[in-house]
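Colleague: This is what each chain is made of:
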Amino acid sequence: MPTSIRRWAVAVAALALVALPADALAKTEIHFWHAMGGQLGETTNELVKQFNQSQSEYEVKALHKGTYPEVLTGAIAAYRQKNPPHIVQVFDVGTQTMLLSGAIYPIFQLLKEQEVAVDWADFIKPVTGYYSKDGNLYSLPFNSSSPILYYNKDAFKKAGLDAEKPPTTWKQVGEVSRKIIAAGGAKCGFTTSWPSWTMLENTFPWHDQPFATNENGYTGLDTKLLINGEFGVKHIGQLAAWQKDGVYSYGGRMGQPDPKFINGDCAMLIQSSAVIGGFKKAITKFAWGTGQLPHWGPPYKKQNTIVGGGTLWVMKGQKPADYRGVAQFMKFISEPHQQMWWSLTTGYVPITQTAIKNLEAGYHFKKNPEQWTALSQLSAAPTANSRGHRLGNMAQLRDVIEPEFENIFAGKKTAKEGLDAAVARANEILKEFAAAHKP
Amino acid sequence: MAGSTIAASDRVAALPRAVEARRPRPFPWETVVVHVLLLACVAVIAFPLYYALIISTQTVQEVVARPPILTPSGHALENYGQAWTRAHMGRLLWNSAVVAVVSAVGKIVISMLSAFAVVYFNFRGRQVAFWMIFVTLMLPVEVRIMSTYEVIGNLGWLNTYAGLTVPLMASATATFLFRQFYLTVPNELCEAAQLDGVGPLRFLVSFLLPLSWANIAALFVVLFTFGWNQYLWPLMITNTEAMRVVVIGLQDLIPRTGTHVPEWNVMMAAAMMALLPPVAVILAMQRWFVKGLIETEK
Amino acid sequence: MRRAVFKHRGLPYLLVLPQIVVTLVFFFWPAFESLRLSFFRTSPFGDRTFFVGLENFQRLLTDPEYYRSVVNSFVFALGVTALGVGAGLFVAALATQKIRGLAAYRTAVLWPYGIAPPVAGIIFLFMFHPSYGVLPYWLSFLIDYEFNWLLKGWVAMALVILTTAWTHVGYNIAFFLAGLLAIPQSVLEAASVDGAGAVRRFWAIVFPLLSPVTFYLVVVNLIFSFFGSFGVIHAVTQGGPGGATDIMVFKVYKDGFIGLNLGSSAAQSVILMVVVIALTALQFRFVEKRVTY
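Residue numbers (this note's numbering), protein chains in the order written: chain G, 833 to 1271; chain V, 35 to 332; chain R, 39 to 331.
Chain G on its own, in the form it takes in the complex:
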């Protein structure tokens, strides 16, 4: 064989040797879009790394796409361009949008078709209640939390109160606040982050009150809000009265009121259990503890709060072979070991009974009582009023409710007027959603 041809043959053979095995070894990529920034983002990456190292066929690529709304918008845009990610983390208020979209591959179906066995009964009830349809789980809860009470133990001590006994009823909240303000322990009694989520969306189910008609939207699309009923007016009215006294200090939306608590300006804060981890780092000036979300007591039943946070949805339109990897990832995340690790590291609640039992057995909750608080609110079996919310365009509903809060707490409207206005607009938004989803 002439030298030149031989050289070519060697080259081609070498190329083949290099090219083929590389191809055969390439893992299938699975794209996972999420909204976890900062510390949480790093923990998410760690979780994904654990999965990738546990098997060699699939590689999950986690991508921080921005805030929850940005992730959702991005996923929708990508879907419309026929290039969606495999898994997308959507916040609780996006549930209805996702459910009715026709773009998702329900979890229960995915796992069934991929023949991946999962013990559905092991998931805690409030979780399955929110994200199931007809008893089947459509999306997998990823970072679940519930609103709880945070309180400044040092301020309590200064007022001569028992620092290990946070108030459990709203009446006590009022009394405690006044005592602390009088003793100079803080400038205000309490403030609330995510006002609509904590004071309405969770307070109603906590007291077994209906937030909206059609069982909070589960049984029909022609839903209307009920927050301007007797219970709503009573609760928000009390907050408005307290705002005038300085017992309550409205601090804005989302997490904006947090600095008031961290600075010691307010003695108590109602916020998601998700910030426990962050607070451990950020609060260095005083000792603090947690308690359950306050309750009005009789005649209202103490029911359960709702799981907030984000869940993982699987998108349609991927290569069939990829879905096996997706199913394996989902199973991986819901295994007790991962649940426990995730919960310990982030402060989010574990969503399976097994994980919870294991954590109890390890005295985890004795050592970290604040992590039990949220779980204790999620243990009762939900009623029709406390399963969750199935409301379309729910993020926009918050955008309608919270400005009215601002009107109420600024004294511009009474509680009834503000809530009525919010309900009127909200019902319009719900009607629009229903119209856009005519079957």
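Worth flagging that the hints you see were computed from the coordinates, not collected in a lab.
Quantities reported herein were computed from a predicted structural model and do not represent experimental measurements.
We treat Cβ as the ideally placed atom computed from N, Cα and C, and that holds for glycine.
Certain hints may be false.
[Said to hold, decoys possible] Not the full set, but computed from the structure, chain G residues with beta-carbon under 10 Å of chain V:
1. W865
2. G869
3. L895
4. H896
5. K897
6. G898
7. E902
8. T905
9. A909
10. A910
11. R912
12. Q913
13. P1091
14. I1094
15. N1095
16. A1114
[To be verified] Derived lysine to aspartate or glutamate pairs resembling DMTMM-like cross-links, with alpha carbons at most 25 Å apart:
17. G:K1245 - G:E1062
18. R:K45 - V:E225
19. G:K893 - G:E874
20. G:K1151 - G:E889
21. G:K1117 - R:E184
22. G:K1263 - R:E93
23. G:K1134 - G:E1007
24. G:K1270 - G:E1047
25. G:K1270 - R:E184
26. G:K944 - G:D954
27. G:K1263 - R:E103
28. G:K893 - G:E945
29. G:K1112 - V:E297
30. G:K1244 - R:D182
31. G:K1011 - G:D994
32. G:K1245 - R:E184
33. G:K1244 - R:E184
34. G:K1263 - R:D101
35. G:K1112 - V:D286
36. G:K990 - G:D1077
37. R:K190 - G:E1047
38. G:K1056 - R:D182
39. G:K1245 - R:D85
40. G:K1112 - V:E112
We have chain G; now place chains V and R onto it with these hints.
Modeller: Chains V and R alone, transformed into the frame defined by chain G:
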């Protein structure tokens, strides 16, 4: 006012000479008052940047101290380092630079060509072309936001440098500037060139271009700043950290909620890094910048 | 005016082609698409579209939130313009009293223009932060009032107006300087010989001569703050609190990208198009007389 504006901008740019031309006058108190007022204005205008700079050198404890500490501290290196790594500043700054430079150069080239065609040729549709370019002034991004997003998506240009820069390249203001300028070039030049057998493209490159450098420099400074500071456009069409520009990438560092330790010092360090390039360009080339601003008042 | 031209058949078309193509693809086509979309209602995932005629527009025009955003837009634009042009005139007038150091002063006030409004917004956000900012701290010694822009709508609006005016004042100063320097010294000297004081000189003579520049700056500032202010709002207040800084250009983004209501967003775009056409026509009609081909 066109002629006098251009002359005035040159006058502003050539100030040292103007000072020499003045006769010295007796020293009125008015002058002192004016200087004091002006210095006060400068101080007020400069304060935010000064404050940002100070904060970017402090520790978190110093940042939240009461009363606020207004003198520099010694932690600049750590803060800037942190901002660099946490916000992936290197990548962000690179992306901004690409967008700014490519869109500026692209705009200049395309506008020059169009203005040249519109001034130096009598072709059918010249009016139409001119008005089409003009109308773009009335179609800012906000007016075509969702549909432009769809178009970019359909082209597959989402999250690409092409998507970030090409749509920015149509600029009516630059075209008008060049058109205005070409109209002031004497006819004789063109006639002489044609007599010499010079074709239109060579005319453009060898005759017009050398004359245009002043305008090009001025435009470049303005367009660079404009491109660097683009916000809505990159926000819409980039969705990965790798493609974000710096004015948007900053957002990730803002301590918005209570769970963020209030690391405003790192945030300010990042902000300083984001604003420095265009400000530096303006300071270094301010003559051109002023000229560019004033002459694009079309 | 007879111009020297080149006689080429095809070349001019080739030369304008790049700009025309970009203009068609990225300006005209999307503008028409916006117009088309405004007559439809679309589900978020795009799988369902219904023709609804003028319903999106009807809904907007009966929506108090929308009117609020219109009012906010005007308040914002007028605030930025008044503050920016006013301050610009003041500083420029001062700077031309005493020529020495003019270049230095001009440099010292021009550079904020290079700072992107959203970045300036972040700096101002911190300066005005209710818990950590220096300005509320100082103000608390003067007035016992909580300047909390997170809660009080008007404070938030003042914050974004201040930020935007700050970045833009250098632009106004540059133009005023050019205009002021174009006024013949002889006119000013004649006035001072007549015994007119500096302030009277200014209002009686200088200001009227400056009116073309002033008018131009007012219109440009209005257009800029009406349309170019998305960045500040998005970076600083996100339209809050309670919609107090929700301006029209922000609402288009919010309803379209976040609310996923494409029809309404498109309808809002169409209305904005009308506004900008009106403003631009105004600018060209009364300020520029050279556009007539």
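Colleague: Run every hint past the structure and note whether it holds.
Modeller: Evaluation of the provided hints:
1. W865: Nearest chain V Cβ about 9 Å off; hint holds.
2. G869: holds, 6 Å
3. L895: holds, 7 Å
4. H896: holds, 7 Å
5. K897: It holds, given that the least Cβ distance between K897 of chain G and chain V is near 6 Å, below 10 Å.
6. G898: holds, 7 Å
7. E902: It holds, given that the least Cβ distance between E902 of chain G and chain V is near 8 Å, below 10 Å.
8. T905: holds, 9 Å
9. A909: A909 of chain G check passes; min Cβ-Cβ to chain V is 7 Å, inside 10 Å.
10. A910: holds, 8 Å
11. R912: Check passed: Cβ of R912 of chain G comes within 7 Å of chain V, closer than 10 Å.
12. Q913: holds, 5 Å
13. P1091: holds, 6 Å
14. I1094: With Cβ-Cβ at 5 Å, under 10 Å, it holds.
15. N1095: Given a least distance of 8 Å, the restraint on N1095 of chain G holds.
16. A1114: With a minimum Cβ separation of about 5 Å from chain V (threshold 10 Å), the hint on A1114 of chain G holds.
17. G:K1245 - G:E1062: Since the Cα atoms of K1245 of chain G and E1062 of chain G sit roughly 17 Å apart, the hinted pair holds (cutoff 25 Å).
18. R:K45 - V:E225: With Cα atoms ~12 Å apart, K45 of chain R and E225 of chain V stay inside 25 Å; holds.
19. G:K893 - G:E874: Answer holds: K893 of chain G to E874 of chain G is near 13 Å, not above 25 Å.
20. G:K1151 - G:E889: holds, 15 Å
21. G:K1117 - R:E184: OK: K1117 of chain G and E184 of chain R at ~24 Å, within 25 Å.
22. G:K1263 - R:E93: This hinted pair holds, its Cα atoms lying about 14 Å apart.
23. G:K1134 - G:E1007: Judged against 25 Å, a Cα distance of about 21 Å means the pair holds.
24. G:K1270 - G:E1047: This hinted pair holds, its Cα atoms lying about 20 Å apart.
25. G:K1270 - R:E184: Violated. K1270 of chain G to E184 of chain R sits at ~48 Å, over the 25 Å cutoff.
26. G:K944 - G:D954: Given that 25 Å is the threshold and the Cα spacing comes to 16 Å, the pair holds.
27. G:K1263 - R:E103: The hint holds at about 17 Å.
28. G:K893 - G:E945: holds, 23 Å
29. G:K1112 - V:E297: The hint holds at about 16 Å.
30. G:K1244 - R:D182: Cα-Cα ~21 Å, so holds.
31. G:K1011 - G:D994: Cα-Cα ~12 Å, so holds.
32. G:K1245 - R:E184: holds, 20 Å
33. G:K1244 - R:E184: holds, 17 Å
34. G:K1263 - R:D101: holds, 15 Å
35. G:K1112 - V:D286: holds, 21 Å
36. G:K990 - G:D1077: holds, 20 Å
37. R:K190 - G:E1047: violated, 36 Å
38. G:K1056 - R:D182: Answer violated: K1056 of chain G to D182 of chain R is near 43 Å, above 25 Å.
39. G:K1245 - R:D85: violated, 41 Å
40. G:K1112 - V:E112: This hinted pair holds, its Cα atoms lying about 23 Å apart.
Violated hints for the displayed structure, listed by number in ascending order: 25, 37, 38, 39.
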